[in-house]
Structures are given as structure tokens and as C-alpha cells.
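K.L.:
So the protein lines, in turn, are chains P and F. First residue of the first sequence: 1, per my numbering; consecutive thereafter. First residue of the second sequence: 1, per my numbering; consecutive thereafter.
Incorrect hints may have been included.
[What the hints assert, rightly or not] Which chain F residues stay away from chain P? Per the calculated CB distances, all over 12 angstroms, these:
1. ALA36
2. ALA47
3. PRO128
4. SER184
5. ARG194
6. PHE196
[Stated by the list, open to error] Listed below are several chain F residues computed to face chain P (Cβ distance under 7 angstroms; list not exhaustive):
7. LEU88
8. VAL249
9. LYS250
10. PRO252
Calculated directly from the structure, the hints in this document are not laboratory data. Only a predicted model underlies this, so the values are computations on that prediction, with no experimental measurement involved. Cβ coordinates follow ideal geometry from the N, Cα and C atoms, glycine included.
Residues per chain are reported as follows:
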Amino acid sequence: MSEPIIRLENVGVAFNAQLRVGSPRFWALEDVSLSLQRGERLGVVGRNGSGKSTLLRTIAGIITPDRGRLTRAPVSCQLLSLALGFVPHLSGRDNAMLSGLMLGLRRREILQRLAAIHEFSELGDFFDQPISSYSTGMQMRLGFSVAIQVEPDVLLIDEVLAVGDAEFQQKSGAALRERINSGTTVVFVSHGDAQVHQICDRALWIEHGRSMMEGSVEAVLAAYHAAQQTPVAAGG
Amino acid sequence: MRLHLIELILFSTYAELRAERARSYLGLLWWIVEPAMNMATYYLVFAVIFKTGEPDYLPFLLIGLTLWQWFKSCISHGGYSIWQQLPLIRQVKLPLQVFPSVQILADTVKFLCILALLLVVLWCSGHPPNITYVALLPVLLVELIFVAAATYVVAAVVPLVPDLRFVIEQVLQVVMFLSGVVFSLDGLPPGLRRWFELNPLVELLDAGRAILMRAQWPNWSALGRVALISLALYALGTFLITRLTPRYVKLPT
Chain P
1 MSEPIIRLEN VGVAFNAQLR VGSPRFWALE DVSLSLQRGE RLGVVGRNGS
51 GKSTLLRTIA GIITPDRGRL TRAPVSCQLL SLALGFVPHL SGRDNAMLSG
101 LMLGLRRREI LQRLAAIHEF SELGDFFDQP ISSYSTGMQM RLGFSVAIQV
151 EPDVLLIDEV LAVGDAEFQQ KSGAALRERI NSGTTVVFVS HGDAQVHQIC
201 DRALWIEHGR SMMEGSVEAV LAAYHAAQQT PVAAGG
Chain F
1 MRLHLIELIL FSTYAELRAE RARSYLGLLW WIVEPAMNMA TYYLVFAVIF
51 KTGEPDYLPF LLIGLTLWQW FKSCISHGGY SIWQQLPLIR QVKLPLQVFP
101 SVQILADTVK FLCILALLLV VLWCSGHPPN ITYVALLPVL LVELIFVAAA
151 TYVVAAVVPL VPDLRFVIEQ VLQVVMFLSG VVFSLDGLPP GLRRWFELNP
201 LVELLDAGRA ILMRAQWPNW SALGRVALIS LALYALGTFL ITRLTPRYVK
251 LPT
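Full structure from sequences and hints, please.
P.N.:
Now the structure itself:
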């Protein structure tokens, strides 16, 4: 097997609980280990508050671990974020440029893709109107249309697979699946078994910030659900 | 990577200015009207009511306030920029110097508009352009470095101690009076004035007034000293932001 492009060894991440002198820190991640190969699609399962989102942001390099070791090959990681840096008084076009730049695209790359963003978002003439006049669904459509233009080495997805109304959900879901199936390395956080089954080759279960099990999707989901039904595991 | 960041800073600055224009009826006019009202207030209080003015008090005050306002708005806007962008910082990995830089650039664009107006007022009131205007460029460049440096340091610290927001405006008010913006520091005993001159703004205001009011070259050695202090402070600000970045994302929401 080739060298992993991302490897976490016993990683812990602590946050400040309050803005108080001497306030205790809480460990959102206690002890998580994983390794990610190029082209692999890893599903992360766990209950709310188990540290899944913190794990994604640690892999993205946004959060630095407080203990343990994180090694990353020189690859670009993108957390799929919609409406990143949107400014209400600016037009959809300007916000697409701003958001694209924040996601790491160059200006000329965005200019080349503006027509595609405009078309995909289905905003029509609204594209040149301030986004303060948009509905939430329209903003999400624009946000998704920009985010899907970025082609990172590692795509990190936190639950969001499809946005907007039923029709756009189908379209955005299809675009994202196409990206996922095109060989991009993916880490996908989800509650839904079906999606993890559909997308991922491997899965990691984390609980209270600790990695409990890493392996095949079937085995990990089976162990995860078995633990949910026992009173001890369900208590925390 | 560097070019990408420059593109991001420039476009964000454009976005900031454009959004600001859209937030009010008078839009861009406020860039001029607001500082003009501010200057008129100071003139009314100190020159007309208290008659504290010396000869040529109007240009003295206008130059002081124009250069001061640049510094103050950068601190007031850029100093809070990282703190205000914490939700965004939790979503994307970016060098955080971007956020104060955007505010500094936006305020510098506004400053240049006010400076242009100031020059017209000065020419109309008997202080025509002169050869020493050449020195304005280095003086403004040094002030830009100083402004950026101070803004970076404030921007680095505010997210960790947001309480500073309640103190900064008061501190700025005191610094304004200690920098000779409204009152001339020439009346101070020379021993005491030397202490005041440790404040880079005092030298920068002196240099600006020398050029614009008296057609005199600035004190180059003083300007060089301010440039060195500013560069050192700039390095400190950059270091602090880089060093503290891992802590910002772990602050409570």
C-alpha cells in the first residue's frame, strides 16, 4: 500500500470553554487516529457532539492539534462550505468572485467559470442583483455553484450533499457525486447510513472524541449501531 | 500563493467599499462629508469658541486631523477585523493578515480622497503646491507602515481579549491629544517634547505640516527613526497574528 496522504496519530484538540481567565478547556477530540490514502473515500460516523466536525476541520488544517501527530502530504484540502464570505449588499456575481477567492481559486479561474456558476445556480437575472434580495434557497444555490468549482486533492464534506428545492437537490447531489466518483479523495461526515454506503469505501466511527473503529463500511456501521442500542454507550 | 492573496485582498477591499456605498443613501459622499463634519466640529470648538488657535490654525488642524483620521479609522476597523471574522476563520484556512489588510486598504482609499480635498483647501487658503511635496510620498509611506503595524498588533490581540474594544476608543482619544493633532506641542518645554516625540505620530504630523504649510523638507533622521520603529512593530504584528492563529479557531463561539 502507498504512503497515506493524511495520517492522524492519537490526535487531541482542546477548545476554550469560556472567555474567562483560567477557564478549563474541553477536549472535542480526545484520541483519534486515521490514515487516508489518495483516492480513498472515508465515511465518518458518530453521534452529535462526538467530534466529527472538529475532525474535518483538523484534517483541513484549520485547527491545529494540541496533542498527537498529524502528517499531511503536500495536498490541498477543502472543507465544502457554502456561502463562504458572502456579503449581503453585493451582487451574486461579486459574491461568486469573493467566495471563489476565499476558497483558493485565482481570479482568472473564477472569471473563466463565472458563466458555469451563473448557469448552474439557475439565478438568471438575479445573478447581478444584491444577494440581500435572495431567498435562503437562492443563496445556497449560488454558494453550492461556487464551491463545486473548486477541485481540491482532498474534499471534506460535513453532511451537506444537496441543497435547495427538490429539483436543485437532485442536480447538486449529482454534481457532487460526479466529483466524488472522479477519483477525488473524500472524507464524508454523515448520519445517514445509505449515503455512507453509497459513497464511501471505508468508515471511521468516533465517539466522545475517540476513534472507536476503522474498517469496512459494513463492519463499522454494524458496530456503531450495535453500540447505540446498548444502554452504556447510549448514556454519554 | 502570494498572487492569490493579493487578488483576494484587492477584491475584498473593492467588496468592502462597494458594500459600504450600498449601505447608505449618500453612499460615497459620506467618505468626504463625515470627516468634514468632524473637522468642522473641532474647528468650532477649539478655534471659534475657545479661541485656542494660533496663526494658521485652520491648516494646522486640517492636516493634523486628516493624518490622524487615517490612523484612527484603520485601528477602529482593522483592529476588530479578525475578531469579527471568527466564524469565517473557522471555515477556511487563510493567512489572517488578509482581514486587517483589507480594512487598512479600504481606509487608505478613503484617506486619499480626503487628502485630495485637503490639498485643494490648502491651495485655496494660501498654501500653494511646492517642491517639498516630493517628500509627501515617503512620509505617507512611513505612516502607512506605522498604521498597518499598529492595526496588526491590535487585530492580533482583540480576539483573545475582546474587552479591549471598550478601551481602545478612549485610548485613541488620549493618543490624539498627546500627538499634537489639535494643539501644537511647540509650547512644551524641550525636555518634555523629546518624550512626546517618541510617539511616531508626532513626527509624522510634524513632517506633514512642514511640507504642506511651510514648504519645508521633513526632518529626515526623525522620519528614518519612525520608519525603523514602524517596521519593527509591523514584524511584531505579523508574528503575533501568525503565532496566535491556532488559538483563534479554538475560542468559544
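K.L.:
Now tell me, hint by hint, if it's right for this structure.
P.N.:
Hints versus structure:
The Cβ of ALA36/F sits about 24 angstroms from the closest Cβ of chain P, beyond the 12 angstroms cut-off, so the non-interface label holds. Residue-level check passed: ALA47/F sits 38 angstroms from the nearest beta carbon of chain P, beyond 12 angstroms. Its beta-carbon lying about 41 angstroms from the closest one in chain P, PRO128/F satisfies the requirement of being farther than 12 angstroms from that chain. At roughly 42 angstroms from the closest C-beta of chain P, the C-beta of SER184/F stays outside 12 angstroms, upholding its exclusion from the interface.
For ARG194/F, the requirement that its beta carbon stay farther than 12 angstroms from each beta carbon of chain P is met, with the minimum near 38 angstroms. Residue placement check: PHE196/F keeps its beta carbon more than 12 angstroms from all beta carbons of chain P (closest about 35 angstroms). Contact between LEU88/F and chain P, as hinted, is supported at the beta carbon level, the nearest pair being about 6 angstroms apart and thus within 7 angstroms. For VAL249/F, the interface hint holds, since its Cβ comes within 7 angstroms of a Cβ in chain P; the closest pair sits about 5 angstroms apart.
Look at LYS250/F: its Cβ gets to within about 5 angstroms of chain P, closer than 7 angstroms, so that hint holds up. Using the Cβ-Cβ criterion of 7 angstroms, the hint placing PRO252/F at the interface with chain P is satisfied: the shortest such distance is roughly 6 angstroms.
Violated hints are absent here; each numbered hint is respected by the structure.
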